[in-house]
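Student: Sequence:
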Amino acid sequence: MYPFLRSIIDARAAAEFLTMSPPPPPPPPPPPYEPLPTQPVRNDNDCAACNRQPLNHLTQPHYHTFQPHHHHHHHHNHHNHHSHNHGHTTLTLLHRPPITRNTVYVRRSTTFSLCWFLFFLVLISTILSLFWLALPQLDGYARRLERIRRRHEQGVAWSAPLQGSCLRSGVREYSATLRNYQVDSYWKEACETTELFIHGREVYPKRCELSFGFMQSFFFGFVIGHWEIDFGETSCTPIWSSLVDEGCVAYLRIELEPNKRRFSARLLNVDQPDQWDVMCAITPAEIQGNSRMPHFCKNQGILGMWGYWDTFDQTCSAF
1 MYPFLRSIID ARAAAEFLTM SPPPPPPPPP PPYEPLPTQP VRNDNDCAAC NRQPLNHLTQ
61 PHYHTFQPHH HHHHHHNHHN HHSHNHGHTT LTLLHRPPIT RNTVYVRRST TFSLCWFLFF
121 LVLISTILSL FWLALPQLDG YARRLERIRR RHEQGVAWSA PLQGSCLRSG VREYSATLRN
181 YQVDSYWKEA CETTELFIHG REVYPKRCEL SFGFMQSFFF GFVIGHWEID FGETSCTPIW
241 SSLVDEGCVA YLRIELEPNK RRFSARLLNV DQPDQWDVMC AITPAEIQGN SRMPHFCKNQ
301 GILGMWGYWD TFDQTCSAF
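Just so you know, the sequence shown maps onto residues 1 to 319 in UniProt numbering.
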(Lines of atoms letter the chains of each structure in order from A and count residues from 1; the text may use other names and numbers.)
(Lines give C-alpha, C1' and ligand atoms only; values in the text may rest on other atoms or scores of the structure.)
Protein backbone atom coordinates (compact mmCIF):
# COMPACT_ATOMS: atom_id res chain seq x y z
CA MET A 1 0.00 0.00 0.00
CA TYR A 2 2.74 2.43 0.82
CA PRO A 3 4.42 2.13 -2.55
CA PHE A 4 1.09 2.90 -4.22
CA LEU A 5 0.55 6.09 -2.14
CA ARG A 6 4.08 7.17 -2.79
CA SER A 7 3.57 6.87 -6.54
CA ILE A 8 0.37 8.96 -6.31
CA ILE A 9 2.14 11.70 -4.34
CA ASP A 10 5.04 11.76 -6.75
CA ALA A 11 2.65 12.01 -9.72
CA ARG A 12 0.77 14.95 -8.09
CA ALA A 13 4.03 16.75 -7.26
CA ALA A 14 5.20 16.28 -10.81
CA ALA A 15 1.93 17.77 -12.13
CA GLU A 16 2.20 20.83 -9.82
CA PHE A 17 5.80 21.32 -10.82
CA LEU A 18 4.85 21.33 -14.48
CA THR A 19 2.03 23.84 -13.96
CA MET A 20 4.20 26.32 -11.97
CA SER A 21 5.37 29.56 -13.74
CA PRO A 22 9.06 29.93 -14.23
CA PRO A 23 10.84 32.15 -11.68
CA PRO A 24 11.68 35.73 -12.75
CA PRO A 25 15.08 36.29 -14.26
CA PRO A 26 17.70 37.68 -11.90
CA PRO A 27 18.47 41.44 -12.16
CA PRO A 28 21.33 42.41 -14.44
CA PRO A 29 24.62 42.86 -12.69
CA PRO A 30 25.72 46.50 -12.10
CA PRO A 31 28.09 47.99 -14.66
CA PRO A 32 31.69 47.73 -13.73
CA TYR A 33 33.17 50.84 -12.07
CA GLU A 34 35.07 52.95 -14.55
CA PRO A 35 37.24 55.59 -12.88
CA LEU A 36 38.04 58.91 -14.54
CA PRO A 37 41.12 59.01 -16.69
CA THR A 38 43.99 59.50 -14.32
CA GLN A 39 47.67 60.11 -14.53
CA PRO A 40 50.10 58.96 -11.94
CA VAL A 41 52.05 61.58 -10.04
CA ARG A 42 55.72 61.28 -10.60
CA ASN A 43 57.54 59.87 -7.61
CA ASP A 44 61.25 60.34 -7.14
CA ASN A 45 61.56 56.77 -5.89
CA ASP A 46 60.00 55.39 -9.05
CA CYS A 47 62.71 55.21 -11.66
CA ALA A 48 60.26 54.29 -14.40
CA ALA A 49 58.42 57.62 -13.93
CA CYS A 50 61.54 59.71 -14.41
CA ASN A 51 61.19 59.68 -18.19
CA ARG A 52 57.53 60.68 -18.18
CA GLN A 53 56.34 64.12 -19.18
CA PRO A 54 55.71 66.62 -16.32
CA LEU A 55 52.12 67.16 -15.34
CA ASN A 56 50.33 70.48 -15.55
CA HIS A 57 48.88 70.22 -12.07
CA LEU A 58 50.91 73.25 -10.95
CA THR A 59 49.11 75.66 -13.29
CA GLN A 60 45.62 74.13 -13.49
CA PRO A 61 43.09 73.59 -10.74
CA HIS A 62 43.10 70.00 -9.53
CA TYR A 63 42.32 67.74 -6.64
CA HIS A 64 43.67 64.36 -5.55
CA THR A 65 41.61 61.22 -5.50
CA PHE A 66 42.57 57.65 -4.69
CA GLN A 67 41.47 54.97 -7.08
CA PRO A 68 39.28 52.46 -5.21
CA HIS A 69 40.49 48.86 -5.27
CA HIS A 70 38.21 46.03 -6.32
CA HIS A 71 37.87 43.38 -3.68
CA HIS A 72 38.71 40.02 -5.15
CA HIS A 73 38.11 36.68 -3.67
CA HIS A 74 41.73 35.88 -4.16
CA HIS A 75 43.61 37.78 -1.47
CA HIS A 76 46.87 36.83 -2.98
CA ASN A 77 46.15 38.65 -6.26
CA HIS A 78 44.93 41.72 -4.37
CA HIS A 79 48.11 41.80 -2.39
CA ASN A 80 50.18 41.58 -5.53
CA HIS A 81 48.20 44.38 -7.22
CA HIS A 82 48.65 46.63 -4.21
CA SER A 83 52.31 45.91 -4.11
CA HIS A 84 52.72 46.92 -7.74
CA ASN A 85 50.93 50.27 -7.20
CA HIS A 86 52.86 51.07 -4.08
CA GLY A 87 54.40 54.60 -4.24
CA HIS A 88 51.86 55.93 -6.81
CA THR A 89 49.03 58.39 -6.18
CA THR A 90 46.03 58.80 -8.47
CA LEU A 91 45.52 62.43 -9.72
CA THR A 92 42.34 63.56 -11.41
CA LEU A 93 42.67 66.82 -13.39
CA LEU A 94 39.85 69.32 -13.18
CA HIS A 95 39.87 71.30 -16.43
CA ARG A 96 38.69 74.91 -16.67
CA PRO A 97 35.15 75.33 -18.00
CA PRO A 98 34.97 76.52 -21.59
CA ILE A 99 34.26 80.23 -22.23
CA THR A 100 30.66 80.54 -23.34
CA ARG A 101 28.45 83.44 -24.39
CA ASN A 102 27.11 83.77 -20.84
CA THR A 103 30.64 84.05 -19.48
CA VAL A 104 31.46 86.88 -21.92
CA TYR A 105 28.19 88.63 -21.01
CA VAL A 106 28.98 88.46 -17.30
CA ARG A 107 32.47 89.89 -17.89
CA ARG A 108 31.11 92.73 -20.03
CA SER A 109 28.42 93.51 -17.47
CA THR A 110 31.03 93.71 -14.73
CA THR A 111 33.21 96.07 -16.81
CA PHE A 112 30.19 98.21 -17.72
CA SER A 113 29.12 98.50 -14.08
CA LEU A 114 32.64 99.49 -13.05
CA CYS A 115 32.73 102.22 -15.71
CA TRP A 116 29.40 103.64 -14.54
CA PHE A 117 30.60 103.58 -10.94
CA LEU A 118 33.75 105.54 -11.85
CA PHE A 119 31.69 108.01 -13.91
CA PHE A 120 29.29 108.75 -11.06
CA LEU A 121 32.19 109.01 -8.64
CA VAL A 122 33.89 111.66 -10.81
CA LEU A 123 30.57 113.47 -11.34
CA ILE A 124 29.79 113.66 -7.64
CA SER A 125 33.34 114.82 -6.89
CA THR A 126 33.05 117.59 -9.50
CA ILE A 127 29.70 118.77 -8.13
CA LEU A 128 31.04 118.86 -4.58
CA SER A 129 34.13 120.80 -5.74
CA LEU A 130 32.03 123.38 -7.59
CA PHE A 131 29.74 123.75 -4.59
CA TRP A 132 32.74 124.25 -2.34
CA LEU A 133 34.14 126.93 -4.67
CA ALA A 134 30.76 128.69 -4.98
CA LEU A 135 30.10 128.61 -1.25
CA PRO A 136 31.71 132.04 -0.57
CA GLN A 137 29.70 133.64 -3.40
CA LEU A 138 26.50 132.10 -2.09
CA ASP A 139 27.29 133.34 1.39
CA GLY A 140 27.97 136.85 0.05
CA TYR A 141 24.71 136.83 -1.91
CA ALA A 142 22.79 135.77 1.20
CA ARG A 143 24.38 138.58 3.22
CA ARG A 144 23.47 141.08 0.50
CA LEU A 145 19.83 139.98 0.55
CA GLU A 146 19.82 140.37 4.33
CA ARG A 147 21.15 143.96 4.04
CA ILE A 148 18.48 144.82 1.45
CA ARG A 149 15.77 143.43 3.73
CA ARG A 150 17.01 145.53 6.65
CA ARG A 151 17.08 148.70 4.53
CA HIS A 152 13.48 148.10 3.48
CA GLU A 153 12.52 147.66 7.12
CA GLN A 154 14.29 150.93 7.99
CA GLY A 155 12.33 152.80 5.30
CA VAL A 156 15.27 153.62 3.02
CA ALA A 157 13.82 155.18 -0.17
CA TRP A 158 14.42 157.86 -2.77
CA SER A 159 13.18 161.39 -2.54
CA ALA A 160 10.99 162.92 -5.25
CA PRO A 161 12.96 162.80 -8.53
CA LEU A 162 14.22 166.08 -9.95
CA GLN A 163 13.76 166.55 -13.69
CA GLY A 164 16.98 167.40 -15.47
CA SER A 165 17.85 168.41 -18.98
CA CYS A 166 17.42 166.45 -22.18
CA LEU A 167 20.52 164.46 -22.95
CA ARG A 168 19.52 163.46 -26.48
CA SER A 169 16.39 162.91 -28.50
CA GLY A 170 13.77 161.23 -26.29
CA VAL A 171 16.11 160.91 -23.26
CA ARG A 172 15.97 163.04 -20.11
CA GLU A 173 18.04 162.91 -16.95
CA TYR A 174 16.54 162.58 -13.45
CA SER A 175 18.20 162.66 -10.02
CA ALA A 176 17.12 161.91 -6.44
CA THR A 177 18.58 161.64 -2.92
CA LEU A 178 18.48 158.54 -0.74
CA ARG A 179 16.51 159.17 2.49
CA ASN A 180 16.56 157.46 5.90
CA TYR A 181 19.97 156.04 5.19
CA GLN A 182 23.07 156.34 7.33
CA VAL A 183 26.04 156.35 4.99
CA ASP A 184 28.31 153.34 5.45
CA SER A 185 30.67 151.23 3.36
CA TYR A 186 27.71 149.73 1.44
CA TRP A 187 26.37 153.07 0.16
CA LYS A 188 26.83 152.12 -3.51
CA GLU A 189 25.00 148.84 -3.00
CA ALA A 190 22.17 150.70 -1.27
CA CYS A 191 21.95 153.11 -4.21
CA GLU A 192 21.94 150.42 -6.91
CA THR A 193 19.39 148.16 -5.19
CA THR A 194 16.78 150.79 -4.23
CA GLU A 195 14.04 151.21 -6.81
CA LEU A 196 12.30 154.39 -7.99
CA PHE A 197 9.09 154.80 -10.00
CA ILE A 198 9.19 157.24 -12.94
CA HIS A 199 6.28 157.44 -15.40
CA GLY A 200 4.79 154.39 -13.68
CA ARG A 201 7.80 152.14 -14.22
CA GLU A 202 10.24 150.72 -11.71
CA VAL A 203 13.76 151.88 -12.53
CA TYR A 204 17.18 151.71 -10.88
CA PRO A 205 19.97 154.33 -11.01
CA LYS A 206 22.41 154.29 -13.87
CA ARG A 207 25.12 155.89 -11.75
CA CYS A 208 25.54 156.82 -8.09
CA GLU A 209 27.62 159.42 -6.28
CA LEU A 210 28.43 160.22 -2.66
CA SER A 211 28.28 163.89 -1.64
CA PHE A 212 29.07 165.66 1.64
CA GLY A 213 27.70 168.81 3.20
CA PHE A 214 27.26 170.85 6.39
CA MET A 215 24.04 171.48 8.23
CA GLN A 216 24.01 173.33 11.58
CA SER A 217 27.74 172.76 12.00
CA PHE A 218 27.24 169.05 11.37
CA PHE A 219 29.16 167.28 8.65
CA PHE A 220 27.16 164.58 6.91
CA GLY A 221 27.10 162.57 3.71
CA PHE A 222 24.28 161.66 1.36
CA VAL A 223 23.84 159.46 -1.68
CA ILE A 224 22.58 160.82 -5.03
CA GLY A 225 21.28 158.62 -7.83
CA HIS A 226 21.03 159.55 -11.51
CA TRP A 227 18.68 158.08 -14.12
CA GLU A 228 18.48 158.40 -17.91
CA ILE A 229 14.83 157.89 -18.89
CA ASP A 230 14.17 157.06 -22.55
CA PHE A 231 10.37 156.55 -22.36
CA GLY A 232 7.49 158.97 -21.92
CA GLU A 233 9.69 161.99 -22.64
CA THR A 234 7.85 163.72 -25.45
CA SER A 235 9.27 167.07 -24.37
CA CYS A 236 12.74 165.82 -25.27
CA THR A 237 11.78 165.30 -28.91
CA PRO A 238 12.90 168.52 -30.61
CA ILE A 239 11.67 169.68 -34.01
CA TRP A 240 12.83 172.28 -36.49
CA SER A 241 10.99 175.39 -37.48
CA SER A 242 10.33 176.27 -41.10
CA LEU A 243 13.45 176.40 -43.22
CA VAL A 244 14.86 179.81 -44.15
CA ASP A 245 16.60 180.14 -47.52
CA GLU A 246 19.64 182.33 -46.98
CA GLY A 247 20.69 182.21 -50.64
CA CYS A 248 23.99 181.33 -52.20
CA VAL A 249 27.04 181.45 -50.02
CA ALA A 250 30.69 182.01 -50.92
CA TYR A 251 33.67 180.20 -49.41
CA LEU A 252 37.26 181.21 -49.18
CA ARG A 253 38.24 178.25 -51.33
CA ILE A 254 35.80 178.50 -54.16
CA GLU A 255 37.36 175.67 -56.18
CA LEU A 256 36.49 173.13 -53.47
CA GLU A 257 32.91 174.17 -52.59
CA PRO A 258 31.16 175.69 -55.64
CA ASN A 259 27.41 176.11 -56.17
CA LYS A 260 26.23 176.06 -52.54
CA ARG A 261 22.94 177.31 -51.11
CA ARG A 262 22.38 177.67 -47.35
CA PHE A 263 19.24 176.88 -45.36
CA SER A 264 18.69 177.53 -41.65
CA ALA A 265 16.04 176.70 -39.03
CA ARG A 266 15.47 177.17 -35.29
CA LEU A 267 15.38 174.19 -32.93
CA LEU A 268 12.06 174.04 -31.07
CA ASN A 269 10.67 172.06 -28.11
CA VAL A 270 13.85 172.34 -26.03
CA ASP A 271 14.46 174.08 -22.69
CA GLN A 272 17.26 176.37 -21.77
CA PRO A 273 19.17 173.91 -19.53
CA ASP A 274 19.05 171.20 -22.16
CA GLN A 275 22.16 170.34 -24.12
CA TRP A 276 21.30 172.30 -27.19
CA ASP A 277 24.43 171.48 -29.13
CA VAL A 278 23.82 167.76 -28.73
CA MET A 279 20.12 168.03 -29.55
CA CYS A 280 20.87 170.14 -32.61
CA ALA A 281 23.53 167.78 -33.97
CA ILE A 282 21.32 164.66 -33.74
CA THR A 283 18.01 166.11 -34.99
CA PRO A 284 17.53 165.66 -38.77
CA ALA A 285 15.57 167.96 -41.12
CA GLU A 286 13.94 167.44 -44.51
CA ILE A 287 16.09 169.28 -47.08
CA GLN A 288 15.17 168.97 -50.78
CA GLY A 289 13.46 165.65 -50.22
CA ASN A 290 16.29 164.14 -48.14
CA SER A 291 16.68 163.78 -44.37
CA ARG A 292 19.93 165.47 -43.38
CA MET A 293 21.71 166.45 -40.20
CA PRO A 294 22.80 170.10 -39.90
CA HIS A 295 26.32 170.94 -41.01
CA PHE A 296 26.77 173.10 -37.91
CA CYS A 297 24.73 174.66 -35.10
CA LYS A 298 24.86 178.11 -33.54
CA ASN A 299 23.42 179.40 -30.25
CA GLN A 300 22.01 182.89 -30.83
CA GLY A 301 21.05 183.63 -27.24
CA ILE A 302 17.46 184.72 -26.85
CA LEU A 303 16.83 183.74 -30.45
CA GLY A 304 17.56 180.11 -29.57
CA MET A 305 19.59 177.37 -31.20
CA TRP A 306 19.83 177.45 -34.99
CA GLY A 307 20.95 174.79 -37.43
CA TYR A 308 22.46 175.37 -40.88
CA TRP A 309 22.54 173.22 -44.03
CA ASP A 310 24.61 173.84 -47.17
CA THR A 311 23.23 172.13 -50.27
CA PHE A 312 24.32 171.90 -53.89
CA ASP A 313 22.58 174.31 -56.29
CA GLN A 314 23.59 174.83 -59.93
CA THR A 315 22.05 178.29 -59.98
CA CYS A 316 24.67 179.45 -57.50
CA SER A 317 27.81 180.39 -59.43
CA ALA A 318 31.19 180.99 -57.90
CA PHE A 319 32.05 184.65 -57.44
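Among the hints, erroneous ones may be present.
With a cut-off of at most 16 Å between alpha-carbon atoms, the simulated EDC-like pairs for lysine to aspartate or glutamate come out as follows [as the list claims (entries may be wrong)]:
no., residue 1, residue 2
1, K206, E189
2, K188, E173
3, K260, E209
4, K206, E192
5, K260, D271
6, K206, E195
7, K260, D245
Please keep in mind that the hints were generated in silico from the structure rather than gathered at the bench.
Nothing here was measured: the structure is a model prediction, and the numbers come from that model.
Student: State the violated hints by number, sorted upward, taking the hints as numbered earlier in the document.
Tutor: Numbers 2, 3 and 5, in rising order.
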